[in-house]
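Peer 1: Protein chains in written order, with my numbering: chain G, 1 to 319; chain E, 320 to 688; chain R, 689 to 934.
Accuracy of the hints is not assured; some may be wrong.
[Unchecked claim] Pairwise CB distance ranges, derived in the manner of DEER restraints: (1) E:Leu622 <-> R:Asp807: 53 to 61 Å; (2) R:Asp903 <-> E:Ile609: 29 to 37 Å; (3) G:Pro134 <-> R:Lys716: 36 to 44 Å; (4) R:Asp807 <-> E:Thr350: 56 to 64 Å; (5) E:Thr340 <-> G:Glu249: 24 to 32 Å; (6) G:Pro134 <-> R:Asn712: 32 to 40 Å; (7) E:Leu681 <-> R:Ala803: 47 to 55 Å.
[Said to hold, decoys possible] Calculated lysine to aspartate or glutamate pairs in the EDC-like style (CA-CA distance at most 20 Å, straight line): (8) R:Lys870 <-> G:Asp265; (9) E:Lys321 <-> G:Asp80; (10) R:Lys926 <-> G:Glu180; (11) E:Lys685 <-> G:Asp209; (12) R:Lys912 <-> G:Asp265; (13) R:Lys745 <-> R:Glu719.
Hints were generated in silico from the structure; no laboratory data involved. Remember, predicted model here, so these are calculated numbers, not experimental data. No residue lacks a Cβ here, since even glycine has one placed at the ideal position from N, Cα and C.
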Amino acid sequence: MIEVKNLRKNYHSEKSDKYAGIGTKEDKENGISFSVPKGEVFGVIGPDGAGKTTLFRILATLLLADSGEARMSKWDVVEDYKEIRKIIGYMPGKFSLYFDLSVEENLKFFATVFDTTIEENYEFIKDIYQQIEPFKTRRAGALSGGMKQKLALSCALIHQPEILILDEPTTGVDPVSRKEFWDMLKKLKEGGMTILVSTAYMDEATRCDRIALMRDGEFIAIDTPAQVIADYEQTLWSVKGDNLSSMLEDIRAYPQVETSFAFGDEHHITVDPNLKKEELSDYLTEKGYTNISINEITPTVEDCFLALTKEGEKGKEED
Amino acid sequence: MKQFRAFVIKEFYHIFRDRRTMLILLGMPITQILIFGFAINMEVTDIAVAVLNPNPDTYTNQIIERVNANDYFHVDYTIHSQNEIDELFKQNKIDLAIVFPNNFNEDLVHSGKADLQLISDTSDPNTGTIIVNYASGIIADYQKEINNISGNPPYQIVATTRMLYNPEMKSSYSFVPGVMGLILMVISTMMTSISIVREKERGTMEVLLASPLRLSQILIAKTIPYLSLSFINLLTILYLASFLLGVPIRGSLFLIIIISTLYIFLSLLLGLLISTIAKKQVEAIIMAGIGLTMPVMLLSGMLFPIDNMPFLLEKLTHIIPARWYIVIMKKLMIEGLDFTFIIKELSILLGMTGLILALSMLNSKKRLE
Amino acid sequence: MKNNIIVEVSELTKKFGNFTAVDNITFKVTEGEIFGFLGANGAGKTTAMQMLIGLSKQTSGEAFVAGYNIRTESEEIKKNIGYMSQKFSLYEDLKVWENIRLFAGIYGMKDKDIAEKTDDLLKRLDFEDERNTLVKSLPLGWKQKLAFSVAIFHNPKIVFLDEPTGGVDPATRRQFWEMIYKAAEDNITVFATTHYMDEAEYCDRVSIMVDGRIDALDTPSNLKAHFEAKDMDEVFRKLARKATRD
């Protein structure tokens with residue numbers, strides 16, 4: 001459904017006063033490549049400035065790539081942009097709504113833009129639209145973040161697109177609305193829609209069929225979430241106990257510990273494979289910590305991202 | 320077509336829901352016309368008069384007396400030759416000269432009709448006109464007075480007026496065409512560009528571009544509401560000027576409206592051009608506001624006569640569309656000239672329109688950058 | 689010192705017309721505490737925070753921040769707090785040191801102190817090479833770290849953080865929290881909102897707002913036990929499900 005080959009796009013960003021974009025590595029031959037089959041939810045996951053928006057804009061025919069090719073359905077993003085614009089639903093980073101128009105007026109307007117009507121597609125968007133329909137006369141600007149998000153999604157879906165492109169749809173939205181949003185995407189996918197979605201929240205990765213971890217304009221991994229996790233090579237432990245915040249320093253000081261990060265109410269640490277849990281436990285007890293429990297754990301996607309970016313930024317962002 | 324119509328309706332929603340801006344836009348021509356109209360029609364007092372009266376008699380003396388008795392006038396000089404008049408005007412000592420002919424008395428008594436001349440300085444045309452009108456009024460009153468006494472035959476005193484320095488009253492009422500040139504440009508250019516750039520800022524432009532809508536549809540739909548607003552403003556100005564201020568509309572109303580439409584069209588295109596450059600609403604406001612409105616006020620001849628400008632500034636006025644539009648409007652409205660007199664200015668306006676159209680077409684992109 | 693109350697809110701309410709954005713909230717924050725202020729979008733977090741930092745007047749109720757009454761002494765409050773929001777924190781077109789000097793100057797610090805502390809800060813952040821860099825050329829994560837340092841540069845009693853880590857990469861996000869810990873160790877109270885539920889775990893205590901009310905307030909472990917949840921995400925979801933406000 002989506003075919004991307006060697007896509008590169010570099011530009012000088014006025015905002016950050018440096019080169020940004022995708023495929024920015026020295027190696028001029030290798031841009032971004034990937035393909036997404038029909039009915040898949042493909043997640044592009046990475047922090048702000050990774051190049052997610054640039055990639056999506058090229059695929060939405062809004063930017064021209066420097067080099068490389070991309071096809072959406074059977075259409076080329078440069079030659080056949082008009083065809084692509086008929087079959088995609090695009091939701092940019094900001095909720096692109098008219099704040100001075102009501103909920104219903106927004107939806108009606110976007111329906112007409114795609115030469116259709118709300119009535120014709122009501123069944124299709126019903127699940128999502130019904131949640132905001134009680135407020136259909138309210139101005140879009142007066143909606144809460146979660147509701148704006150639902151309205152923007154309804155507007156992007158009103159013409160029953162083949163491919164849905166969502167650029168950071170959950171940014172700044174609370175966990176509950178985020179979960180509901182992913183549930184809606186799941187339903188759309190089950191209906192056969194191909195969905196391209198980006199996010200900065202690592203915990204959303206597992207809601208995708210396949211993910212690409214992105215950083216500095218490059219894909220640093222691309223696979224199913226399970227495989228990305230299976231490819232994790234280090235030995236990963238979780239450490240729990242009292243007084244976690246000061247424990248972090250002491251764990252780092254231990255010679256056979258490679259990295260150590262806070263993860264909610266525990267620390268995730270990577271260690272030398274030869275290290276025994278008891279050794280670390282004894283060391284921490286000696287330091288005066290109590291209630292210590294150490295377990296080997298399966299990494300999360302966030303652990304993978306940390307491990308994969310560790311190499312790229314050694315000596316750069318580490319103190 | 321359905322898409323296009325929906326788009327235009329949406330644009331009207333934007334305008335109607337921003338009440339404050341809408342009121343400003345509709346109120347602007349009214350306030351401008353009123354401010355300019357009344358600022359210029361201010362009371363004229365303390366008028367210094369010189370009198371050339373080669374053959375004084377009862378009638379001439381009485382006329383001079385009446386003038387001098389009026390609160391606004393005081394006869395300061397009695398002179399003996401035409402040359403002195405010029406001299407006094409140049410030294411800025413007088414505002415009005417009354418010139419009687421040698422045979423005033425004879426004419427009046429024998430033929431019942433005599434001429435006199437009122438000369439005023441119209442480098443400030445409105446003041447000049449007002450002064451002459453006052454003086455004519457006094458003379459007319461006097462005529463009535465003597466006719467009441469003598470009964471038959473009625474005497475007639477004809478005051479011919481001569482405007483010094485600006486005999487054609489070139490810039491009189493010029494503020495009306497000026498206000499038209501300014502307001503139509505502000506509404507069309509600034510508002511169109513702001514409304515497009517606002518969509519860029521909001522991110523909705525991104526969605527529209529990624530939809531099957533054509534860029535041309537988007538842009539034309541954007542201009543329609545402001546075209547109509549401009550039209551309402553044009554009619555408001557013409558109505559107020561002619562009925563409230565009594566500015567004459569001597570030429571063809573049809574031509575005035577056709578050419579104003581061309582000018583509005585040009586301004587809308589200029590707005591589109593700005594919208595292709597500006598990324599933020601503030602930029603659009605600065606470009607349209609300071610980049611266009613100020614030059615229109617300063618260089619179009621609206622406030623300062625172009626003839627008096629230094630060479631370079633005068634040349635600069637040639638690239639201001641409003642300058643040509645205002646000239647056309649003056650010729651049509653005030654001087655009552657016909658089509659043949661505006662061919663040059665009209666061709667220039669048409670050429671500019673073509674150029675801006677080409678530029679904005681070249682500059683507008685169906686993608687984001 | 690840990691028992692000093694730095695924020696004391698009682699029955700604070702804010703109404704916009706007939707809409708009650710903040711509905712009678714009462715809580716206390718003690719000195720040196722890391723206090724997580726959570727809630728769904730539209731639950732009233734931002735409005736509550738704006739009242740506490742003196743940007744918005746309450747409809748009823750009382751609150752004291754750093755010992756000052758928010759109704760009558762908002763100017764004093766502003767001098768004694770630090771504030772960092774996701775939207776604005778530093779001037780992008782000023783250099784690193786210029787931003788530090790500017791904000792320190794705003795808070796009335798002496799030039800000599802500023803110079804000394806600037807050197808110290810840049811060294812601690814390992815930013816010495818970036819002293820003359822325009823802030824806009826820094827990576828987002830660095831900006832956020834710098835912004836936080838600037839927010840606590842004048843040694844405020846309490847610092848308010850409004851979603852400080854949105855969009856930041858995972859490694860930097862954690863470094864950021866380590867800085868928060870250090871600040872708390874220096875007895876600076878931290879009052880933070882976030883949408884990352886793992887970050888809620890880093891807080892000493894967490895309050896969760898639903899429909900303008902504070903529906904839960906406790907340590908993360910007590911909350912998890914009380915709601916029989918495996919993590920804060922679940923606690924949050926269980927609570928927010930009760931929300932009736934759109």
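Peer 1: Hints first: check each against the structure and report whether it holds.
Peer 2: Checked hints:
Taken as a hint, the range 53 to 61 Å holds for the pair leucine 622 (chain E) and aspartate 807 (chain R), whose Cβ atoms sit roughly 57 Å apart. Between aspartate 903 (chain R) and isoleucine 609 (chain E), the C-beta spacing of about 53 Å breaks the proposed range 29 to 37 Å. Between proline 134 (chain G) and lysine 716 (chain R) the CB atoms are about 38 Å apart, so this pair conforms to the stated range of 36 to 44 Å. A beta carbon spacing of about 58 Å between aspartate 807 (chain R) and threonine 350 (chain E) agrees with the range 56 to 64 Å that was offered as a hint.
Checked against the hint of 24 to 32 Å, the C-beta distance between threonine 340 (chain E) and glutamate 249 (chain G) comes to roughly 58 Å, which is inconsistent with it. Taking 32 to 40 Å as the suggested C-beta distance range, the pair proline 134 (chain G) and asparagine 712 (chain R) does not conform, at roughly 26 Å. Between leucine 681 (chain E) and alanine 803 (chain R) the beta carbon distance is about 53 Å. The supplied range of 47 to 55 Å therefore holds. For the hint linking lysine 870 (chain R) to aspartate 265 (chain G), the alpha-carbon distance of about 18 Å falls within 20 Å, and the restraint holds.
Our distance criterion of 20 Å between C-alpha atoms is broken by lysine 321 (chain E) and aspartate 80 (chain G), whose separation comes to about 24 Å. Under the criterion of a C-alpha separation no larger than 20 Å, the hint pairing lysine 926 (chain R) with glutamate 180 (chain G) is consistent with the structure, at around 13 Å. Taking the CA atoms of lysine 685 (chain E) and aspartate 209 (chain G), the gap is about 33 Å. The hint is violated against a cut of 20 Å. Taken as a hint, the lysine 912 (chain R) and aspartate 265 (chain G) pair is honoured in the structure, with Cα atoms around 11 Å apart against an allowance of 20 Å.
For a cut-off of 20 Å, the pair hint linking lysine 745 (chain R) to glutamate 719 (chain R) is broken: about 24 Å separates their Cα positions.
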